Amino acid sequence: MLGIPAALALALVVLPVAGLLVRSNLTRLPSLIVTPSSWHALRLSLLTAGLSTLACVLLGVPLAVVLARARFHGIRLLRSIVLLPLVLPPVVGGLALLYLLGRKGFLGMLITTLTGESVPFTTAAVVIAQTFVAMPFLVVSLEGALRGSGDRYEQVAATLGARPWTVFRRVTLPLLLPALGSGVVLSFARALGEFGATITFAGSLEDVTRTLPLEVYTQAEVDIDSAVALSLLLIVVAVVVIAVARPRSWEGGLR
Amino acid sequence: MKKLALVVAAVALFAGACSSSDEPSTQPGGSVTAPAPKGAGKAGGGTLTVFAAASLTESFTALGKAFEAQHAGTTVKFSFAGSSGLVQQLTNGAKADVFASADQANMDKAVQGGVIDGQPAVFATNKLAIAVAPGNPKNIRSFADLNKAGLTVITCAPQVPCGAAAKKIETATGVTLKPKSEEQDVKQVLNKVASGDADAGLVYVTDTTSAAGKVDKVDLAEAAQAINSYPIAAVKGGQADLAHQFEEFVLGTQGKNELTKAGFGPAQ
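Chains as they are written, first to last, in the UniProt record's numbering: chain A, 1 to 255; chain B, 1 to 268.
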């Protein structure tokens, strides 16, 4: 009974990728991928996605713990707001960032007055856009795991005399590792594929803000073969990240 | 039971979303679905689908209205997007009757792709200008001024027509710009100047006309080095008669007037 819709669902993901493969010019593939522009784009993509994943962990883990453990009025609303970037069209996210951090945005104006620098059109803007879009993935996976496991272990540890930091280090963190692993991979992969918020907020300039997805878009204007080749490169990188960075032990958390 | 209700609701939603697509609709940047004209014979008009460059949005919308008024029973539908995106849609089987490109290169691509019927005709020209904040607070007067220290300058990527034109001016003047971003289409450049995030942007003269009030125009003497021609042609497999009538209309007096009003130059 479930076999047919399951096969259709799989086909919906696999067949378009197959379409790209069929369309690609296999003989020109290596020469299309190994160009200075695509190398710059790939390097920038890996760098920014790495940095934004780090930011997601540093900011998202505390947020997930607070959301899962805190009990106060309005926590449900707060939870929905945190998930907003998941459902926002990416261009809306980019515009929102621009109106906050752009030259006329209220925080952007402050930054420009204080430092003389502006945020848009910089690599930092790419990282901010990617973090904005990717962080909910980390928060959702962690928060779910935290709420699923409850806080009985922590309470027992505390009654046995463990200090809060010891409880966090020895009990909470090990419990969270599987979910943290999948959250990190998900947010890295999302950051790697980020497009709309980046092009709206950070612009598109080689070696500064033009990540691999933006390079694909730029190449599609003139050379569709090259755009297809770069798309395949992006898919390969994403699949490698998901496959390599998620060892078997982490998958327990998803079951 | 709860699950079942959810599934039913989801299916109902999905069906609703599908049924609404029966009506003709224009998706931004996407394709236009023209319905089969119901009972409309050859004489009675029908729907004319025009794929046109984004820079033609204002002038062609007005021309479409005028064309409808002169051809009772005919509806003109537009898909405005970047010329190269439109060529890709056409070569991948999108249905259209007329194609109007912002440059010769993309019309050539359409011809080579075998989707054009007959000979394309140039109906207008466009050239670059500098868009600046109203009142020109940074006092930008020339192409070389764009390299003044501390300016945030935005251009189009060299891969799109407005960026290619900018490159031509760079070559002609020997002034190499250092833009903060190379955008994918000219409207993005315009928006970033209008929003204040950029001090100056290289756009078409026509864009400064359509955004008058939000940006000021600085004319470029060097723009004559990079004049863009706009060709129009009928699309193969479309309604040839109606398509040619629309072409004639754009090339005629009324078309010329509307295009001049928008800031386009005459065909050369």
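Hints listed in this document are in silico derivations from the structure and should not be mistaken for laboratory results.
Keep in mind that this is a model prediction, so the values were computed, not measured.
Any given hint could turn out to be false.
Part of the chain B face toward chain A, derived, beta carbon under 10 angstroms [unchecked claim]:
| no. | residue |
| --- | --- |
| 1 | Q184 |
| 2 | Q188 |
| 3 | A198 |
| 4 | H244 |
Over 12 angstroms on every C-beta distance to chain B, these chain A residues come out as not near it, computed from the model [what the hints assert, rightly or not]:
| no. | residue |
| --- | --- |
| 5 | L98 |
| 6 | T218 |
| 7 | V222 |
C-beta atoms are modelled at their ideal positions from N, C-alpha and C, and glycine is treated no differently.
Against the structure, the hints:
Hint status for B/Q184 relative to chain A: holds, with the closest Cβ pair at about 6 angstroms, below 10 angstroms. For the restraint placing B/Q188 at the interface with chain A, the shortest Cβ-Cβ distance is roughly 8 angstroms, inside the 10 angstroms limit, so the hint holds. Proximity of B/A198 to chain A holds as hinted, the smallest CB-CB distance being about 8 angstroms (cut-off 10 angstroms). Against a cut-off of 10 angstroms between C-beta atoms, the interface hint on B/H244 is violated, since the closest Cβ of chain A lies about 30 angstroms away.
A cut-off of 12 angstroms between C-beta atoms contradicts the statement that A/L98 is not in contact with chain B; the least separation is 7 angstroms. The non-interface label for A/T218 is inconsistent with chain B: the shortest C-beta to C-beta separation is roughly 5 angstroms, within 12 angstroms. Not every beta carbon of chain B lies more than 12 angstroms from that of A/V222, the smallest distance being close to 5 angstroms; the non-interface claim is violated.
Hints 4, 5, 6 and 7 from the list above are not met by this structure, while the remaining hints are.
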